[in-house]
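Heads up: the protein sequence lines correspond to chains A and B, in order.
Residue numbers for the first sequence follow numbering that gives the first Met the number 0, beginning at 0 and rising by one.
Residue numbers for the second sequence follow numbering that gives the first Met the number 0, beginning at 0 and rising by one.
These aren't lab readings, by the way, just hints derived from the structure by calculation.
Just so you know, nobody snuck in bad clues.
Here are the computed distance ranges between Cβ atoms for each label pair:
(1) B:232 - A:28: 29 to 35 Å
(2) B:228 - A:274: 49 to 55 Å
(3) B:313 - A:147: 37 to 43 Å
Even for Gly, the Cβ is constructed at its ideal location relative to N, Cα and C.
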Amino acid sequence: MPDAARVLAPRIIDAASAIREATVAAMEHDDRVFVMGEGATDPKGIFGTTSGLVERFGPDRVMEMPVAENGWTGIAIGAALCGQRPILVHQRVEFSLLAMEQLVNNAAKIHYVSGGRHRAPLVVRLVVGRGWGQGPAHSQSLEAMFAHVPGLKVVMPASAADAKGLLLGAIADDGPVIVIEHRWVHYASGHVDPEPVAMALDGPRRLRAGDDCTVVSTSYMTLETLQAADALADAGCGVDLFDLRVLRPLRLEAIIASVRRTGRLVTVDTGHATYGIGAEIVARVAAEAFDRMKAAPCRIGLPEHPTPSARTLAEAYYPRSPGIAATIGRIVGVPRSKIAAIAERLGDARDSVPLDIPHPSFKGPF
Amino acid sequence: MASSTLTSVPDRATRLELFRRMLRIRRIEEEIARRYADQRMRCPVHLSVGQEAAAVGACAVLRPTDPIVSTHRCHGHYLAKGGDLPAMIAELHGKATGCCGGRGGSMHLFDPAVGVLASVPIVGSNVPLGVGAALAAKQRKRPDVAVAFFGDGAFEEGVVHEAANFAGCHRLPVVFVLENNLYSVYTPIDARQPARPLVAFAETHALAAEHVDGNDVLAVRDAMARAVVRARRGDGPSLLIVDTYRFLEHCGATDDDHLGYRPKGELAAWRDRCPIARMRAELRAQGELDDATEQDFEAAIAREIDDAFVAADNAPFPAAETAMESVHA
Chain A
0 MPDAARVLAP
10 RIIDAASAIR
20 EATVAAMEHD
30 DRVFVMGEGA
40 TDPKGIFGTT
50 SGLVERFGPD
60 RVMEMPVAEN
70 GWTGIAIGAA
80 LCGQRPILVH
90 QRVEFSLLAM
100 EQLVNNAAKI
110 HYVSGGRHRA
120 PLVVRLVVGR
130 GWGQGPAHSQ
140 SLEAMFAHVP
150 GLKVVMPASA
160 ADAKGLLLGA
170 IADDGPVIVI
180 EHRWVHYASG
190 HVDPEPVAMA
200 LDGPRRLRAG
210 DDCTVVSTSY
220 MTLETLQAAD
230 ALADAGCGVD
240 LFDLRVLRPL
250 RLEAIIASVR
260 RTGRLVTVDT
270 GHATYGIGAE
280 IVARVAAEAF
290 DRMKAAPCRI
300 GLPEHPTPSA
310 RTLAEAYYPR
320 SPGIAATIGR
330 IVGVPRSKIA
340 AIAERLGDAR
350 DSVPLDIPHP
360 SFKGPF
Chain B
0 MASSTLTSVP
10 DRATRLELFR
20 RMLRIRRIEE
30 EIARRYADQR
40 MRCPVHLSVG
50 QEAAAVGACA
60 VLRPTDPIVS
70 THRCHGHYLA
80 KGGDLPAMIA
90 ELHGKATGCC
100 GGRGGSMHLF
110 DPAVGVLASV
120 PIVGSNVPLG
130 VGAALAAKQR
140 KRPDVAVAFF
150 GDGAFEEGVV
160 HEAANFAGCH
170 RLPVVFVLEN
180 NLYSVYTPID
190 ARQPARPLVA
200 FAETHALAAE
210 HVDGNDVLAV
220 RDAMARAVVR
230 ARRGDGPSLL
240 IVDTYRFLEH
250 CGATDDDHLG
260 YRPKGELAAW
270 RDRCPIARMR
280 AELRAQGELD
290 DATEQDFEAA
300 IAREIDDAFV
310 AADNAPFPAA
320 ETAMESVHA
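So here's chain A without its partners, still in its complex pose (with noise of 0.2 Å):
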């Protein structure tokens, strides 16, 4: 299809059928490309996105495995050693960390002390849980684990396109890379190219252009702050927003461009704020754009403790667009009326939806 006719015929889809679309076009187009996951095969499929698959692929590519991360783990980094190029997928962050050691020892170093004669092509999906009560051990947003690690690539899709697009180019890439899938963002849609077009793994994408101040954010973080950037230009408050998108390798040029000229940084990340992207974003931005800086960045993420379940806690854990406005509004110094009022619209948009299920406006496109 041309590109122009893609254009005028929108084709919106959510990001777990873009998750599926692009599984499917990978597998049709490499037999080398095999999903391995517990419940990959089963009727829920991994939350929609591995249904199918297996009726389609047949059980030696759909592979249902036992409960066994790290050794299961361990299996698929030896297969892509030997040629094959498997996909992992993980219901919950919190079950890879049984498999942290095959990732962390095996998975990103065999390249590197092989001198680059091993290859360990391989996709490791994982799901950030949240909402209903999902508590302690099945929340957890733990990107910054990963994207601490050399030798590891981390990317987390916000948006349908990029949920299909950055999947292909990670099944495309030659060594690990960790996709970490917020739960919510499955429910994002948008426009998503039918054909299967691998994303470069380079870097953040702009979302809104503005210059108060540089606000940085990850996954479904970026939903709730496109809301809080729309809010606060309506109110005259200009947010260059950047949609991070890989983590690891952090490409930060157009983001330190950006903080010298609006002079203020915001970051909004899925994790917790302690040791964070947030944390990383904001320290090697100071190194490289202090002099232009007009106030102290802030990060915006989790606070120190774990998640719980009741929604009279969790509601006051995860930052939301009320909170993000007034932080930025407060950084760049509109007037705290403006601000409350910004605040409030925001909340009353929300209140009409429980907070531990997602907003029906998070369905984009954007």
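Starting from the known structure of chain A, fit chain B onto it as the hints suggest.
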């Protein structure tokens, strides 16, 4: 190695070759031990002196295309599989000509040209890699048999059981070779495991199993031959329990009997069961090995070792500015 079929009785040439391969590994590691105090090999070394029959017997029936995965104690497996000696010695010296270009050291030996897929220094961590290699062989319909070497300590690691469970479930062409040398570093097996036969592992994971004297290279070879034949014809994975013993310290190059962690007399008793001395005695008794042949072996091995060390000494170190290369594929 010359032999009409894998499971037939090895002929004289095969038996001599098994002896020569063990002798070669012994002499190489003795030379490493002799030179280690010079501190030009500046990485940990885990010598397999005393355990040569396991490596040589198991690798004797493999093809270059059969992938093996090894451990921190990988010199013997690497050499038995045909790994390049100068590249190994250079790696121990941290030289650019090493098999890992100086990035891995003694515990990461690999040589893809002969199927030494990887060596991994985290106990048990290599075992799923071997199962993955077997999975790839099955998926690609290649006739390869993968082999995972590990020790009695790895038997305590969950990942080994996870990997074996998967191999049993999918009937993969893999052989698990468990070298029981009775110790994890300084801790004896009876302080770490209940009194039960290790071979019970096999039934749990639906593996065929054999328990052999790991200092009898012919016994190891024959058991391995049966396991490889099973794997290659699609009859699934096997476990070999191979009883053997480490003569030198866990990490380093010297005798450590003075530390007192081995019962008195145990080391001496196992030295009396040296796999090389035993094979030599058998070959001599059958008139298959004479002084001239053994001297020829020794001389050729000595030349090869000397050449490897000279080459390693003369080789360049990797340039500091290359450290950032190959982080990503």
